[in-house]
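Protein chains in written order, with our numbering: chain A, 1 to 479; chain B, 1001 to 1479.
Some hints could be false.
[What the hints assert, rightly or not] Straight line, CA to CA, 25 angstroms or less: simulated DMTMM-like cross-link-like pairs of lysine to aspartate or glutamate:
1) A/Lys443 with B/Glu1398
2) B/Lys1443 with A/Glu447
3) B/Lys1338 with B/Glu1398
4) A/Lys443 with B/Glu1404
5) A/Lys339 with A/Asp292
6) B/Lys1443 with A/Asp162
7) B/Lys1443 with A/Asp402
8) B/Lys1443 with A/Asp178
9) A/Lys443 with A/Asp178
10) A/Lys338 with A/Glu396
11) A/Lys443 with B/Asp1173
12) B/Lys1443 with A/Asp101
13) A/Lys443 with B/Asp1178
14) B/Lys1443 with B/Glu1404
15) B/Lys1443 with A/Asp173
16) A/Lys443 with B/Asp1162
17) A/Lys443 with B/Asp1191
These are calculated hints, taken from the structure and not from any lab test. These numbers were taken from a predicted model, which means no experiment stands behind them.
There are 2 protein chains.
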Amino acid sequence: MTLIEQLTVLLGAGAVLTAEDDVAGFTEDWRGRYRGPAACVVMPSSTAQVAAVVRLCVEHGVPVLPQGGNTSLCGGAVPGTDGVAPVIVNLARMRRVRTVDAANNSIEVEAGCVLAAVQEAAAAQGRLYPISLGAEGSCQIGGTIATNAGGTGVLRYGNTRDNVLGLEVVLPDGTVWDGLYTLRKNNTGLDLKHLFIGAEGTMGIVTAATLKLHPLPTSHAIAWVAPRSPAAALQLLGLFQSACGASLSAFEMIDANQLRIVTEQLPSRRNPLSALHPWHVLIELSDTGAEDALQTILEQVLTQAAEQDLLLDGVLATSGAQRAAMWEIRHSVSEANKKAGVGLTTDSAVPVSSVPAFIDRATAAVHAIVPGLPIVIVAHLGDGNVHFIPFFTYAEWEAVADPEAMAQRIRHSVNDVAHSLHGTFSAEHGVGRTLLNEMAHYKSPVELGLMRRMKQAIDPQNLFNPGRLVPDAPSAPAH
Amino acid sequence: MTLIEQLTVLLGAGAVLTAEDDVAGFTEDWRGRYRGPAACVVMPSSTAQVAAVVRLCVEHGVPVLPQGGNTSLCGGAVPGTDGVAPVIVNLARMRRVRTVDAANNSIEVEAGCVLAAVQEAAAAQGRLYPISLGAEGSCQIGGTIATNAGGTGVLRYGNTRDNVLGLEVVLPDGTVWDGLYTLRKNNTGLDLKHLFIGAEGTMGIVTAATLKLHPLPTSHAIAWVAPRSPAAALQLLGLFQSACGASLSAFEMIDANQLRIVTEQLPSRRNPLSALHPWHVLIELSDTGAEDALQTILEQVLTQAAEQDLLLDGVLATSGAQRAAMWEIRHSVSEANKKAGVGLTTDSAVPVSSVPAFIDRATAAVHAIVPGLPIVIVAHLGDGNVHFIPFFTYAEWEAVADPEAMAQRIRHSVNDVAHSLHGTFSAEHGVGRTLLNEMAHYKSPVELGLMRRMKQAIDPQNLFNPGRLVPDAPSAPAH
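Chain A extracted, bound-state conformation (with noise of 0.2 angstroms):
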């Protein structure tokens, strides 16, 4: 029998999908910047099933591809196009929240759950889920954990890596690992689920996972300033550190441009200041007491900032509508950027102390190259991520020669600034195959050889996801 016969004996005729039109939706991003061919697309039911299909692709030596709610921003969910057409597995049958423990602060879910399902799930026990992102209504919890993803949450929660507790993989010969520990301490040898975290389908499929819960926030303040520059944003920032600590849950920055981009494409999308400062600060409290405490330590520090002249303008929220349209800015900005213009998209971080230098010197980096070419900035400052994006008009980016080049030139421009100052390429977004290229070049020959051997150990055949997050070693030179 064929793989496609074996593969429909085991899992049913409904769940292997194979003609064109049936593919086509993943075998191509949801940006439609990557497409390429598939052997098939299978829909597994249980951890069972996925371990059996890994079983038959090994047999065969067809590649795996691992696939979740495909909104990979880096092209590292769909089929490349070179090498065998890979079996596409993908998770959305397995949605099932398995177990939710409240007094533990944990949730077992399996991957193909939504993310917000998963938050859902959580705030109905009162308790949080904090990965919070852009994609989260069509993202999965496996596709998150595979690239630990990032978003708004983290400088309160931290990364999915930070909350994830333990995991269920079907490995690459095609056991299972049940590792789906509920523990807050287990020092019982390696850690191995952060082999798979982040490993983005190259090391296994992660089939379940337990996760942490955390308090549900009650209460939330929430204010809109304008800081003098982006060294008193920092100060700012450390002001509510110390006054707040952990009760300061988003500092998220965005410059002039991106602010005129989004109330300008999006009409219903007001400027909460009466004018359009260079820089914006979201700020965000929340906590699990009364809400007045919260607004009156929003209110405190801002006037200590004021006295120590940091800000130009600022305004705190005073009802839901008006915290929810603040957030609404900040959540629309992909979607305004879209319809603006092309905008080469960065994901850098850099020690937050140095957000001030990296955002000048990239600035200089790319008008070194396209003088004047406006740059719209996006960032979680208070984690150093900040997606610097230089951006062209349509009518400027068909003028440009050869979009592909300069987009790399520009891009690489700015992740040599990161890297002059420690930081990295890649905040949150991953690498799959778009910063291939980046890895080789900026991570250690040990660095990246520790990762190859731990690939080896893992998929010695190289049949998962193969090809994307740690590049092929350089070949020996000929004799």
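Since the structure of chain A is provided, determine the placement of chain B on it from the hints.
The following block gives chain B in isolation, referenced to the frame of chain A:
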């Protein structure tokens, strides 16, 4: 030249100890339970020296035993009595605080820094390094990383693993991995630091680390209460988590036997309550804001708990001296227990929700072996981590026919109960050599297999702390 001669040329005679008197403090653990011979003890002063030492040991095929402050509870850091005597690499001379970046909330330190010195360097900049444990005055930061140390701050700040941003490691082949990142977000391939954290020196030598700092709490509120039962204590924990979120910084439970031992053995310690209730909980709130606010919340929640009939009694500390006295009881348990008799300490963790069931069942299991044996309990309740300590007087223990077998049988019965509740036999103390049998017994073959593959990939010659952490694979059956 012999290895020792080569090491002496490399490091100078003062940094290579061979005389029996000189090495005695390094070849025996602090409790005097384990000792074994060493080829020598070397005390390198730099990462380059450590790397050169490793290369020499590899050349000679001599095992390498990394050693920090030698405060392991599991015999993980002193030589065994079989196999080739290792070179002990003691990091005490590498104790520089390299940099503190207050704005980035990070610190870079060498591995030999004593934990308390790291805390002090952070505090000098208004920051907190939150790992805190009994041995903090002598354990080294490298050792806390190699063992993923826990302690009393885990409830709020996580384990050591959660507070490491990056590492510098001399690998078993003598190359140096510079992974001293200071970033909050960095999704560029596998997060390699987790291969070394908690690896107990089996995967290389940590020579430096970058660590997360936190705002230094400036206000504290502490209460000492007597809940009706462990189940009532859990309900109380839930009330505090809902009301205080992240400002809950400790929730430590001891039983009447433990409190009695402390107050009897160390007469300066006094029971904060007027009666010896069956269970006692120390609750601490810490924050960066005003002390009054914390005290108010603490009172409110305790009032709520009293209304729900969860408490037999309770008292709030009203001065710094009272707070210190309450913590002193908690910190005196090891010293007092050592004076009082032989405690068969265990280090279980279970899901927080299962702690009451664990205590009941473990008590029954031990009493099935020794009817009526007193049990001493010290629990980091908020983490589900229970030190469940069956307790013999010295006289009783001397009457036990085969003490080694008795200790094993009793501990194993406790570990069985933890395992049946999806718990672990080592929450924070690690594995070392003491718990290798339990590793072999409780861990799945898949999990042990993955750990062995990692070890094989990083240390194929098995020279780094051999025979620790992961038990050898069972030999194949003879044909």
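ask   = If you check each hint against the structure, which ones fail?
value = 1, 2, 4, 5, 7 and 9
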